[in-house]
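Line by line, the protein sequences give chains Z and U.
Just so we're aligned, residue 1 is where the first sequence starts under this note's numbering, counting upward by one.
Just so we're aligned, residue 1001 is where the second sequence starts under this note's numbering, counting upward by one.
To be clear, the hints were calculated from the coordinates, so they are not data collected in a lab.
Note that the coordinates shown come from a computational prediction; the quantities given were computed from them, not determined experimentally.
Errors might be hidden in some of the hints.
[Said to hold, decoys possible] Negatives, chain Z to chain U, calculated, CB over 10 Å:
no.: 1; residue: Thr9
no.: 2; residue: Asp19
no.: 3; residue: Asp30
no.: 4; residue: Arg233
no.: 5; residue: Ile261
[Unchecked claim] Pair ranges (Cβ atoms, derived):
no.: 6; chain 1: Z; residue 1: Arg16; chain 2: U; residue 2: Ala1115; range: 25 to 33 Å
no.: 7; chain 1: Z; residue 1: Gly209; chain 2: U; residue 2: Ala1249; range: 48 to 56 Å
no.: 8; chain 1: Z; residue 1: Asp129; chain 2: U; residue 2: Ala1115; range: 23 to 31 Å
no.: 9; chain 1: U; residue 1: Ala1115; chain 2: Z; residue 2: Arg130; range: 24 to 32 Å
no.: 10; chain 1: U; residue 1: Val1041; chain 2: Z; residue 2: Ala179; range: 37 to 45 Å
no.: 11; chain 1: Z; residue 1: Gly20; chain 2: U; residue 2: Leu1242; range: 39 to 47 Å
no.: 12; chain 1: U; residue 1: Leu1244; chain 2: Z; residue 2: Gly20; range: 38 to 46 Å
no.: 13; chain 1: Z; residue 1: Thr9; chain 2: U; residue 2: Gly1187; range: 47 to 55 Å
[As the list claims (entries may be wrong)] Which residues of chain Z face chain U? A partial, calculated answer using Cβ under 7 Å:
no.: 14; residue: Leu59
no.: 15; residue: Val79
no.: 16; residue: Ser85
no.: 17; residue: Glu100
Just so you know, even glycine gets a beta-carbon here, dropped at the ideal spot from N, CA and C.
As a plain string of letters, each chain reads:
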Amino acid sequence: MTTPAIRATGLHKTFRATDGTEVVAVDHVDLTVQPGEIVAFLGPNGAGKTTTVDMLLGLTSPTSGTVEVFGVHPHHAVVEGRVSSVLQTGGLLPDFTVRETVRAIAALHGRSDRTDVVLERANLGPIADRLVQACSGGEQQRLKFALALVPDPDLVILDEPTTGMDVGARQDFWDAMRADAAQGRTIVFATHYLAEADAFAERTVLMAGGRIVADGTTADVRASYGARSINLRPPTDVVGPHGVDEAWLARLRAAVAPLGITDLEVSSASLEAAFLALTGATPSTDEAEEALR
Amino acid sequence: MTDVLTTPSTEAPTAVRTRAARPQVLAYARLDLRRQLRDRVGMFFIVALPAFLFFVFGMGDDEAIGSANVAMYVMVSMAAYGAVTATTSVAGAAATEQTMGWGRQIALTPLRPLAFVGVKTAVAMVVAAVPIALIYAIGAATGSRGNAVDWLASAAIAWAGSALFAIYGLAVCLLFKGPNAAGIASGLIVILSFLGNVFTPMSGLILTIGKLTPLYGYAGLARYPLSEGYLPMDAGHDPVWLMLANVVAWTVIFAGLAVWGLRRGRERV
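The shape of chain U in the complex, shown without the other chains (with noise of 0.2 Å):
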């Protein structure tokens, strides 16, 4: 029989013991960080589709567009898109954690709220900066072109703005709860990078209503350093203040969407 509990006892709970160890967060952050890296289908999402993507949408194409070429203005698309994906399903992972179960195991242990909370963030940023630095590494091989500032400050945008898809993925998460909710916000990122001109490059009534969807400003920001806010194909400019409100609007909304749903989640238990 392998059901076997019987290990004899070698521990008695003493009477007088050195209390209230402190949480080794940095421990449980790797563990989890590897956890999440170790998922293969979720990477897929997450890295290796934006570099197919890449791949097939301007690879190595040297027309100029601003300061840099195209197939830079790609790479920054594609590395945002891999980037989003990334904080979207680890904070949608988070969230179905805790409402299936190992949010009561945590909460048996002395980790605040918060500080879980900074864990996951933390986890979402390293994995985001993994399809950005391949995504870079790539492009820099295959020809993408640009100054310095192009290459720094649009990874530092693609990078830091990706954060704003972690409150979406909590938000989508907390609503629609069980298994599915992450692979549910995480395809509805598809439908929004194509809304939000990241794939490609779209005009007319579409790129009207696509400027209102919560991918456009984030893009249009991580791509403004080489783009200077001029859309190809001579489809027009985006003022930076236009992308900013896109991004400032949809954080209150989605912040908003993510207290709701966790707000509904408590009244239920």
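In isolation and in its complexed conformation, chain Z is listed as follows (with noise of 0.2 Å):
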């Protein structure tokens, strides 16, 4: 039998906020993921995947529980260069240029052979001179992901890692990720869009409030958080600038309620969706970005 690349038991993990009161971030997860999966942790901001992440980094000890990772405590297995993150917090020292920043964290990985290779990986060639200062968004998290890839990882973990990437960027990041991943490596990530879990994980852990509320395939979690929606399109003629029109809604509303339709949500076109369109490129997904609340 293989070492599962995490092994969490009973991970428990509280805070105690300013006023005194104690917040428990995450609560009695079990978790265990195989090397070669890809895991995507979907949640809303604070449902603990943060804290999850950190503790399966070593960053933060559990209050109980305890947690592997490749069977050894998280800090060896960072240590032995067998786990590493694109940590949605970490920061980059803004007067370090792109390449002196990979160097820098290849030196203290003791793996300077690899700046270039990594530095090519995330195509930050073109870039590589450039001060951190005065790169977009989308590039600093490129970079971080290039600080991921230099101790030559077993096992990713992703927290967030699209934050501030236009829609093609995050297409091309995780084109990246799949072609990596077909390689073999383990793969988590934290994302809050359920698009990219659904492109691109095959299994899916729903966090809410600290909780695993639901852990399967990504198809089966998609099933259980929700049915399936109809979108539809009005009639031109009924739709101003202040939405759709309220006397058509009341007739549709009573022309679905005798097929046990309950619930009629007006919502504008998804910006991703929009956006998409606009630009040409193909959405992932037939909902291309929807957020969880």
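The two chains are supplied separately, each in an independent frame; assemble them into the complex guided by the hints.
Spelled out as structure tokens, the structure:
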């Protein structure tokens, strides 16, 4: 039997808030990830994703419970270069260049030989001599990704890795990750974009309020998260600048009520869908972006 | 489109690898040092400002003081001020790096926290040597006069003693978090330098109060080889123990504040 990439048992973490009350960030989480899996940590902000990631990396100690990465304490896995991460809250030094940043972290890993490889891998070659402070949010995110590749890890943990990337860069990023995963790297990523989990992960762990509320194939989790919805486009003459005509909506409600439809929600087209339609890129899923609430 | 990330993967995680490569601490320190020396604004306050103050306050003044001349006395003071600004800003920046997130990147490497402190101390001490070397060179060229012991001992004391202000910079930046903390720490050094009798000789009540401030003991010790504790303008004499007591007391205070700031920062994680 192979050693799991991640084995967490009864993982629990509480913080003391400024007013003295105890806040439960992660509530008795059990999780096992096998080598080679691609797992999405899906959940809204405040679901406990980042705290869980911190414990998986040994940056924070659990209040109770245990966590092992490749059978050892997370910190040892970090020291051995078996796990690395793109941190949501990790900072870069603004007055290093892109190349110096990679060289600095590569030196600390004792892997200076990796500098050029990861620069190329994250396609940072053209901007290698640019100061970090002159890089866009998406470029900085790619630099963090390059840093995560320095130790050539077996497990990469990505915390909201596409923050700051535009839609096209986000898709390129996931294409690159997919290629990586095909080579056998284990990938765990936290996201609040259902579409990212949907497009990329084989398995989705849905977190809410510090607990795992669903864990299974992404298709199953999507089904349990909510039934499919049907979009329809009203005739243009009932749509004004202030929305859809109320009288027409009332008639629609009355018309569909006999079919057992109880919830009728009016929403505007998602920005991402509109963006992709306008820029000619193809959305990776039918619902381009569906942030969880 | 420039944001392309689709370089084909040519590397696969290998099952068996030689693990536990050792951190190349020197390579990191070299990069960090270069980054520091490249910071024009920072280096202005560390090197150019004290050199300018030396020019204003007594460059070439040949009036005798102790075993040297006034030019030398002012030169040591200004070199000490530059060195202190250097250690304060490097240590302060180190603390800010930690609280602003770079520390989390470092935490994901095999580097031990103590080794990180060692790297930063080494960088701070190298940067501190820059204003001392430069201002002593200017002094030598413009008529600062003293015997060999004056030159060597004062430089050594100014350099070694500036380490105290690395602790100071650390403490201030751990207590006042945020990107402005290092600026606050360096700014306070200017005020403390006036009070510490570093810029212009003081007398009366301000001098009495000044003797209790953190730069007084350090600057006095750096000048001791030439002044033997006598203050300019017949303002009196300081015994060595007073200046040593000043340095020891402030070391304890700054270290205590730094530890307190560190603990406070951790609780808020």
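A quick look at each hint next to the structure:
1. Every beta carbon of chain U lies more than 10 Å from that of Z/Thr9, the smallest distance being close to 23 Å; the non-interface claim holds.
2. Non-interface status of Z/Asp19 relative to chain U is upheld: no Cβ of that chain comes within 10 Å, the nearest being about 13 Å off.
3. Taking the minimum C-beta to C-beta distance to chain U, about 24 Å, the non-interface status of Z/Asp30 holds against the 10 Å cut.
4. Remark: the non-interface label on Z/Arg233 is consistent with the geometry, its nearest Cβ contact in chain U lying 31 Å away (cut-off 10 Å).
5. With a least beta-carbon separation of about 42 Å from chain U, Z/Ile261 lies farther than 10 Å from that chain, consistent with its non-interface assignment.
6. Look at Z/Arg16 against U/Ala1115: about 31 Å separates their beta carbons, and that is inside 25 to 33 Å.
7. Separated by about 51 Å at the C-beta atoms, Z/Gly209 and U/Ala1249 satisfy the suggested range of 48 to 56 Å.
8. Between Z/Asp129 and U/Ala1115 the CB atoms are about 28 Å apart, so this pair conforms to the stated range of 23 to 31 Å.
9. Distance hint check: the CB atoms of U/Ala1115 and Z/Arg130 are about 29 Å apart, consistent with the given range 24 to 32 Å.
10. At about 43 Å, the beta-carbon gap between U/Val1041 and Z/Ala179 stays in the expected band of 37 to 45 Å.
11. For Z/Gly20 and U/Leu1242, the Cβ-Cβ distance of about 45 Å falls inside the hinted range of 39 to 47 Å, so the restraint holds.
12. Under the hint 38 to 46 Å, the C-beta atoms of U/Leu1244 and Z/Gly20, about 44 Å apart, fit the expected range.
13. Separated by about 51 Å at the C-beta atoms, Z/Thr9 and U/Gly1187 satisfy the suggested range of 47 to 55 Å.
14. With 7 Å as the threshold, the beta carbon of Z/Leu59 comes within range of chain U, its nearest partner Cβ sitting at about 6 Å, so the hint holds.
15. Hint status for Z/Val79 relative to chain U: holds, with the closest Cβ pair at about 4 Å, below 7 Å.
16. Taken as an interface hint, Z/Ser85 checks out: its beta carbon lies about 6 Å from the nearest beta carbon of chain U, inside 7 Å.
17. Nearest Cβ of chain U to the Cβ of Z/Glu100: about 6 Å, under the 7 Å cut. The hint holds.
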